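Colleague: The chain contents come next:
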Amino acid sequence: MFILPFALLTLTFFILPAIATVWMSFTDLDVKMKPNFIGLENYIRIFQDYSLGEILQNTIVYAVASLGFVLLLSLIIAISTQYFMKGKTVATGYRVLWLIPSLFPSVVFAIFWKYIFDPTENGFLNKIGMHLGAVDEPVSWITRYAMPIVILGTVVGSVSSNVILLSSSINSIPEDLYKAARVDGAGEKSIILKIILPTLRWPLMYITITTLIGFVSSYFFIMLLTDGGPMHDSTTLALYSYQQAFQLKYYGYGAAISMFVVVIALALTLVLLRLFDFDALVQPSRIEE
Amino acid sequence: MIQLKGVVKEYGNAKNKEVTRAVDGIDLEINQGEFIALLGPSGCGKTTTLMMIAGLLKATKGEILFDGKVVNQMEPKDRNIGMVFQSYALYPHLKVIDNIAFPLREKKVPKAEAYEKAKNIAKKLQIENLLNRKPAQLSGGQQQRVAMARALVKEPQILLLDEPMSNLDARLKLDLRDEIRKLQREIGVTTIIVTHDQEEALAISDRVAVLDAGKIQQYDTPYNLYHKPKNLFIANFLGTPPMNIVEGHVEEQDGRQVFAAEGVRYMLPQNREVAKEHIGCRVAIGLRPNDIRICESTENTIPVRIELVEQLGAEQLIKAKPLAGDHIIRIVAENEMKLKAGETVSIRILENKFHLFNLERNGINILS
Ligand SMILES: Nc1ncnc2c1ncn2[C@@H]1O[C@H](COP(=O)(O)OP(=O)(O)OP(=O)(O)O)[C@@H](O)[C@H]1O
Ligand SMILES: [Mg+2]
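These protein sequences, in sequence, are chains L and S.
Mapping the first sequence onto my numbering, position 234 (from 1) lands on 234, and the numbers just tick up by one.
Mapping the second sequence onto my numbering, position 111 (from 1) lands on 111, and the numbers just tick up by one.
The set of hints was computed from the structure by calculation and includes no laboratory data.
Worth double-checking, as some hints may not be accurate.
[What the hints assert, rightly or not] Pairs of lysine to aspartate or glutamate residues, derived as EDC-like cross-links and limited to a Cα-Cα distance of at most 20 Å, are as follows:
#1 S:K134 with L:D49
#2 S:K95 with S:D78
#3 S:K77 with L:D176
#4 S:K215 with S:E310
#5 L:K179 with S:E163
#6 L:K88 with L:E188
#7 S:K173 with S:E155
#8 L:K88 with S:D98
#9 S:K58 with L:E175
#10 L:K179 with S:E155
#11 S:K134 with L:D277
#12 L:K179 with S:D98
#13 L:K189 with S:E75
#14 S:K108 with L:D277
#15 S:K321 with S:E247
#16 L:K179 with S:E75
Small disclaimer: the values here were computed from a predicted structure and weren't measured.
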C-alpha cells in the first residue's frame, strides 16, 4: 500500500521514459512529429554512419583516459592527505581546494576553461606564454588540443568527490594496523600496497563503475567546452546522440544512439563487476565449522 | 637487558599549546628473558611507555637502552621486537598464513623459508587449521593466537603485549595466560605485558611495575607488591577485595604505641613499632580482609557490628562497622562461621600482617 506512490513515481520518471526511448529508437520520429515504425533501420544506420568509427574511438579515449587520470589523481591526493599528512590542517585545506571545481555549475567551469585556453592574445595561457616568450603568437589551444583539454576539464571536475570517498575509507583504517606494520618492518610501499589499497577495493570499484558510466553517457560539459569540435575531434557517442536528436531533430536516430550508449554502459558495468570479483563482496565473511 | 632512564613523554596540543605529561620520569630495568608487567589504572601511561619501547613514539626526555645501547632514534623495525596489540591489528586482507609470514617477507626472507617458519610457529600456537582463513573469519581467541604467532615468527629479542587478552572471556583468558607464560619460558624472549588486570599481572610476571599518573609507584615481584606495598597507592590498588584503610594516628600510651582511630584502638606489637617521627602524624592502617580474624572479645581486639554478610563461594565477606565508628571494615571469614547481620563480634588483627602509611608523607609505608 505505502509503496504505491513511490511505485507510481518510479513508473512515471524512470520506466516510462526508458520505454519511450526504446520505442522512439524504432521509429523515424523527427521534427515533423509523425513517427513511423521502421524496425531496426536506425540501428543499422548507426553501423553505417561514416563518423561512427571516429566517435567510438573518441568515446573510448575520453572515457578511459579521464577515468585513468581521475583514479590516479584521486588516489594520490587521498593517500597523501589522509595517510602521509594525516590530521594536518593543510591536508584538509588541500582537499577543500579540490572541492571548488565541483561547487560551480559546469557552465561557469566551462567558461573558466574557455578563458584559460582562449585562442586570442587575451586568453590566459596565451598571455602567459607570450609574456614568457614561449609562444610568438596566440595559439588556438582548443582547436589544436580539443580532446586533451576536454579530458583535463573533466578530470579536474570529478576528482574531489572521489577523493572524499577514498579519504573516508582510508580514515577508517585503524591506527594500530599502521603501527603493527611498522613494527613488522613494512615500508611505506608495503603499507600502501598491502593495507591501504586492499581497503580501497570496493570504493575503487564503485568509483570506476560510476565515473566510467558517467563519462560514457554524459555530454554536457563537452558540449559547453568544444561542442565536439573541431569537426568530430572531441565528439563522443553521447554527445553525438544529443546532436542528432536536438540539433538535427532526428529524434528517432538520436534515441537509437542513446540506446547504444546504454548497452555499452551496461556491458561495461558487468565486465567491471566481474573484474573486481563482486561475488566476494556479497558473500558472507564468516565460515562456520 | 632493557633500561629506561628518566623517560618522559609529553603530548603537545598544537591548538592551545597545552601539554599533557603522559609519562613522567620512568626508570625501569628489565633483564634478559624476564617477563614483566606494566600495571595501572586507565590513562596512567602504560601504552605510551610500551610505544616508546617499541619506537612507535619518541620519548620527550630520557634514554631507552637495549643491551646498553641507546635506541631512542632507532626505527621500530630495527629494534627486533614483536608486538601484539589490544585490537590484534591483523591485516584484514591477508590470509592467516600471510599475516604470520608478513614480518619475514618484509625482512626479505625467501618465500619458502618464510612460510616454513610461519607454519612452524602456527603449529606451536595450535592454529594450523586456520591458515587459509581471513582474520574476519576467526574468533577473538583465534585472532589473539594469530597475532601472537605474527609477533613471534621473526624470533624477536623483545616481545611487547598491549592488553593482549582484554577482549577475551574470563575462561579463555586463564588458558591463554598460562600458554603465553609457557611459551615465553620456552623461547626465553624478554617480555613486557601491559594490563590493567592485576590478577593477570601478578600471575604471569616475574616483576610488575605499578604505574600511576605517569610514574612508577613500585617495581617489584608479585609477592613483595602484595605483602610489602611501598605506599598507600599500591596497597589500595592491589588485592581483591581491597585492603581496609582506616585513618587515624599513632600515639604513645604507657610506653607502648597505639594506633587510634574512630572506634578503633590497636596496640602495636613491640617488634612492629614506628619511628618516633611518625607519632602524632596522620597515619592510615591498612588491613587486608584476609588478615583479620573474628574472635572472642579479649585484649587488643576491636568490637564491631556486622552490617552485611556476602557469600563469595569459597568463603564469606563480612562488612562490619566498629561500635563507635562509621567506617566499613571488610573481613573474609570461613563459611563454617555462622554470622548474621546485626550481630556484634570482635575482630583481631594478625600481628605481622598490618601496614601503616604516613599520610603526611605521600602515604609511604612506615613499617617495611
Ligand atoms: N596521542 C595523544 N595525544 C594526547 N594525549 C594522549 C595521547 N595518547 C595518550 N594521551 C594521554 O596520555 C595519558 C596516558 O595514555 P596511555 O594511552 O598511555 O594510557 P594507558 O595507561 O595505556 O591507559 P588505558 O589502560 O586506558 O589503555 C592519558 O592521559 C591520555 O589521555
Ligand atoms: Mg592503553
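Colleague: Each hint should be assessed against the structure and marked as holding or not.
Modeller: Here is how each hint holds up against the structure:
no.	hint	in the structure
1	S:K134 with L:D49	53 Å, violated
2	S:K95 with S:D78	25 Å, violated
3	S:K77 with L:D176	15 Å, holds
4	S:K215 with S:E310	36 Å, violated
5	L:K179 with S:E163	15 Å, holds
6	L:K88 with L:E188	19 Å, holds
7	S:K173 with S:E155	24 Å, violated
8	L:K88 with S:D98	33 Å, violated
9	S:K58 with L:E175	17 Å, holds
10	L:K179 with S:E155	19 Å, holds
11	S:K134 with L:D277	16 Å, holds
12	L:K179 with S:D98	18 Å, holds
13	L:K189 with S:E75	16 Å, holds
14	S:K108 with L:D277	30 Å, violated
15	S:K321 with S:E247	14 Å, holds
16	L:K179 with S:E75	12 Å, holds
Figure legend: structure checked against the earlier numbered hints; hints not met, in rising order: 1, 2, 4, 7, 8 and 14.
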